[in-house]
Amino acid sequence: MKRMAEAKQKYDNIPIPEELSKRVMLEIKKAEKKHNKRGLFMKKITAAAATVAILFIVGINSSKTFAQEISNIPIIGSIARIVTFRSYETKTEDTDISVDIPSIELISEELNGLEKGVNEEIYAFCKQYADEALLRAEQYKKAFLETGGTEEEWAKHDIKIKVWYEVKTLTDEYLSLVIMGNESWNSANNQAKYYSFDIKEGKWLTLKEIFGDNYIQFVEENIRYQIKQKEEETGMEFWDEQWNGVDENTKFYINSNGNPVIIFEKYEIAPGAAGSQEFEIVK
Amino acid sequence: MKQDLYNKLVTYIIENQDKFYRLAFSYVKNQDDALDVVQNAVCKALTHYKDLKNEEAIKTWFYKIVLNESLALLKAKKRLVLTDESYYHEIPYEEKQFEIYDDLYTQIEQMEEDAQNIIKLRFFEELELNEIAQILRMNLNTVKTKLYRELRALKVAIEKEAGV
Chain A
1 MKRMAEAKQK
11 YDNIPIPEEL
21 SKRVMLEIKK
31 AEKKHNKRGL
41 FMKKITAAAA
51 TVAILFIVGI
61 NSSKTFAQEI
71 SNIPIIGSIA
81 RIVTFRSYET
91 KTEDTDISVD
101 IPSIELISEE
111 LNGLEKGVNE
121 EIYAFCKQYA
131 DEALLRAEQY
141 KKAFLETGGT
151 EEEWAKHDIK
161 IKVWYEVKTL
171 TDEYLSLVIM
181 GNESWNSANN
191 QAKYYSFDIK
201 EGKWLTLKEI
211 FGDNYIQFVE
221 ENIRYQIKQK
231 EEETGMEFWD
241 EQWNGVDENT
251 KFYINSNGNP
261 VIIFEKYEIA
271 PGAAGSQEFE
281 IVK
Chain B
1 MKQDLYNKLV
11 TYIIENQDKF
21 YRLAFSYVKN
31 QDDALDVVQN
41 AVCKALTHYK
51 DLKNEEAIKT
61 WFYKIVLNES
71 LALLKAKKRL
81 VLTDESYYHE
91 IPYEEKQFEI
101 YDDLYTQIEQ
111 MEEDAQNIIK
121 LRFFEELELN
131 EIAQILRMNL
141 NTVKTKLYRE
151 LRALKVAIEK
161 EAGV
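For the record, the sequence lines run as chains A and B.
If you count the first sequence from 1, position 123 lands on 123 in our numbering, and the numbers rise without skipping.
If you count the second sequence from 1, position 17 lands on 17 in our numbering, and the numbers rise without skipping.
Simulated from the structure, these hints should not be mistaken for laboratory data.
On a predicted model such as this, the values are computed, not experimentally measured, just so you know.
Ideal Cβ positions, reconstructed from N, Cα and C, are used throughout, including at glycine.
Treat the hints with care, since some could be wrong.
[What the hints assert, rightly or not] Here are the simulated DSBU-like cross-link-like pairs (lysine-lysine), alpha carbons at most 35 Å apart as the crow flies:
{"hint": "1", "chain 1": "B", "residue 1": "LYS75", "chain 2": "A", "residue 2": "LYS228"}
{"hint": "2", "chain 1": "A", "residue 1": "LYS193", "chain 2": "B", "residue 2": "LYS29"}
{"hint": "3", "chain 1": "A", "residue 1": "LYS91", "chain 2": "B", "residue 2": "LYS19"}
{"hint": "4", "chain 1": "B", "residue 1": "LYS77", "chain 2": "B", "residue 2": "LYS64"}
{"hint": "5", "chain 1": "A", "residue 1": "LYS30", "chain 2": "A", "residue 2": "LYS203"}
{"hint": "6", "chain 1": "A", "residue 1": "LYS29", "chain 2": "A", "residue 2": "LYS203"}
{"hint": "7", "chain 1": "A", "residue 1": "LYS160", "chain 2": "A", "residue 2": "LYS200"}
{"hint": "8", "chain 1": "A", "residue 1": "LYS127", "chain 2": "B", "residue 2": "LYS8"}
{"hint": "9", "chain 1": "B", "residue 1": "LYS75", "chain 2": "A", "residue 2": "LYS266"}
{"hint": "10", "chain 1": "B", "residue 1": "LYS146", "chain 2": "A", "residue 2": "LYS30"}
{"hint": "11", "chain 1": "A", "residue 1": "LYS30", "chain 2": "A", "residue 2": "LYS142"}
{"hint": "12", "chain 1": "A", "residue 1": "LYS22", "chain 2": "B", "residue 2": "LYS50"}
{"hint": "13", "chain 1": "A", "residue 1": "LYS30", "chain 2": "A", "residue 2": "LYS266"}
{"hint": "14", "chain 1": "B", "residue 1": "LYS78", "chain 2": "A", "residue 2": "LYS8"}
{"hint": "15", "chain 1": "B", "residue 1": "LYS75", "chain 2": "A", "residue 2": "LYS29"}
{"hint": "16", "chain 1": "A", "residue 1": "LYS10", "chain 2": "B", "residue 2": "LYS78"}
{"hint": "17", "chain 1": "B", "residue 1": "LYS64", "chain 2": "B", "residue 2": "LYS29"}
[To be verified] A few chain A residues facing chain B, derived, Cβ under 10 Å:
{"hint": "18", "residue": "ALA5"}
{"hint": "19", "residue": "LYS10"}
{"hint": "20", "residue": "TYR11"}
{"hint": "21", "residue": "LEU20"}
{"hint": "22", "residue": "GLU27"}
{"hint": "23", "residue": "ALA31"}
{"hint": "24", "residue": "ASP240"}
{"hint": "25", "residue": "GLU241"}
{"hint": "26", "residue": "GLY245"}
[To be verified] Sample of chain B residues facing chain A (criterion: CB under 10 Å; computed from the structure):
{"hint": "27", "residue": "TYR21"}
{"hint": "28", "residue": "THR106"}
{"hint": "29", "residue": "LEU127"}
The following block holds chain A by itself, in its conformation from the complex (with noise of 0.2 Å):
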């Protein structure tokens, strides 16, 4: 078998392109948004959001139609607590909506009034989303009529919206706090939007206000730093070529310990079968 081991040794030797694994993770990239639609279905809801829904299922079964304040669902901490402001779901004939709206109360006297702010931009939040993505399914079935389905063919679409929101953290220090708003056939829509509050100090955390004027080159180098480590260490690839780098806009949230963490969605910055990533940036 000399000659057959002479024969795979020249094979062996086709030299691979840099390319290829360019090519190939494209490819992988552009099938997973497209497969992977309800990908946020599966993430846990809060304790609160669980008795939120009991609370649900009551008033479904009594009425078609159910929409009704709940207030007063503390989760959790002394100086601050989450509590849903209002929350309700609706069905009707094509759609499922099922919102929950949180609202901060402080319980320090003196920071009255400025979560107010807060509150009225977090419910404006929620609401356009819910607004929108109802919009967005009557458009939705319009085009699928259009082009040749049937009514009976779009009943067994399972149109469901839903906005609903997670503490990250909650210390006597820090609030952090994520509204996720998701539409059942469109992931392309789904929206993340992450509040993190300064308790002690009354304020509205930005990533400028903790690193000071040069933020954007702080985080950027801290996070290609993370990056470089992590390939090496898994060996998979991040597509940090693709990223547009920190701005004011960038998602983050304040952890346990005082950090900010910034988070990347599936497919932002790497493979989907590597979920969401998270950069942990020291102060």
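Knowing the structure of chain A, use the given hints to seat chain B on it.
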């Protein structure tokens, strides 16, 4: 469960991409086409991953796609060449290669499709005969028969080798 299988497929593709590229290259014989073949194969696999029955099938299933994509590209090119006038100028070039009998690799490249598939998968990719049978959708005995016949044709000494 399906998500789990999907992730395993992605991992398998990432880990073995070099092999798929070499196999593709051995058919299409140039870098651009080989890259296209692998990219198309990944696209098809990930679009149709639901056809995949279980984890054990990933290997043969994906090889089958790479092989099909390679052969499809070759056929498309041949059609293109046949309708092209340059086809006539290429004949002498093809015949020149035939003369290098010394080189077994080149000789394998000249073999008819089935034989080439079997030899490459068996000796270059070192797959088991039953895996090859699955990839080529052939009876195991047919694969064995063809393999022996082609090896004789290649005048390669068949040594006692496990699985052959």
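Here's how the hints hold up against the structure:
no. : hint                  : in the structure
1   : LYS75/B <-> LYS228/A  : violated, 43 Å
2   : LYS193/A <-> LYS29/B  : violated, 50 Å
3   : LYS91/A <-> LYS19/B   : violated, 52 Å
4   : LYS77/B <-> LYS64/B   : holds, 20 Å
5   : LYS30/A <-> LYS203/A  : violated, 40 Å
6   : LYS29/A <-> LYS203/A  : violated, 38 Å
7   : LYS160/A <-> LYS200/A : violated, 39 Å
8   : LYS127/A <-> LYS8/B   : violated, 39 Å
9   : LYS75/B <-> LYS266/A  : violated, 39 Å
10  : LYS146/B <-> LYS30/A  : violated, 40 Å
11  : LYS30/A <-> LYS142/A  : holds, 26 Å
12  : LYS22/A <-> LYS50/B   : holds, 24 Å
13  : LYS30/A <-> LYS266/A  : holds, 13 Å
14  : LYS78/B <-> LYS8/A    : holds, 26 Å
15  : LYS75/B <-> LYS29/A   : holds, 29 Å
16  : LYS10/A <-> LYS78/B   : holds, 25 Å
17  : LYS64/B <-> LYS29/B   : holds, 19 Å
18  : ALA5                  : holds, 9 Å
19  : LYS10                 : holds, 4 Å
20  : TYR11                 : holds, 4 Å
21  : LEU20                 : holds, 5 Å
22  : GLU27                 : holds, 4 Å
23  : ALA31                 : holds, 3 Å
24  : ASP240                : violated, 17 Å
25  : GLU241                : violated, 17 Å
26  : GLY245                : violated, 26 Å
27  : TYR21                 : holds, 5 Å
28  : THR106                : holds, 9 Å
29  : LEU127                : violated, 13 Å
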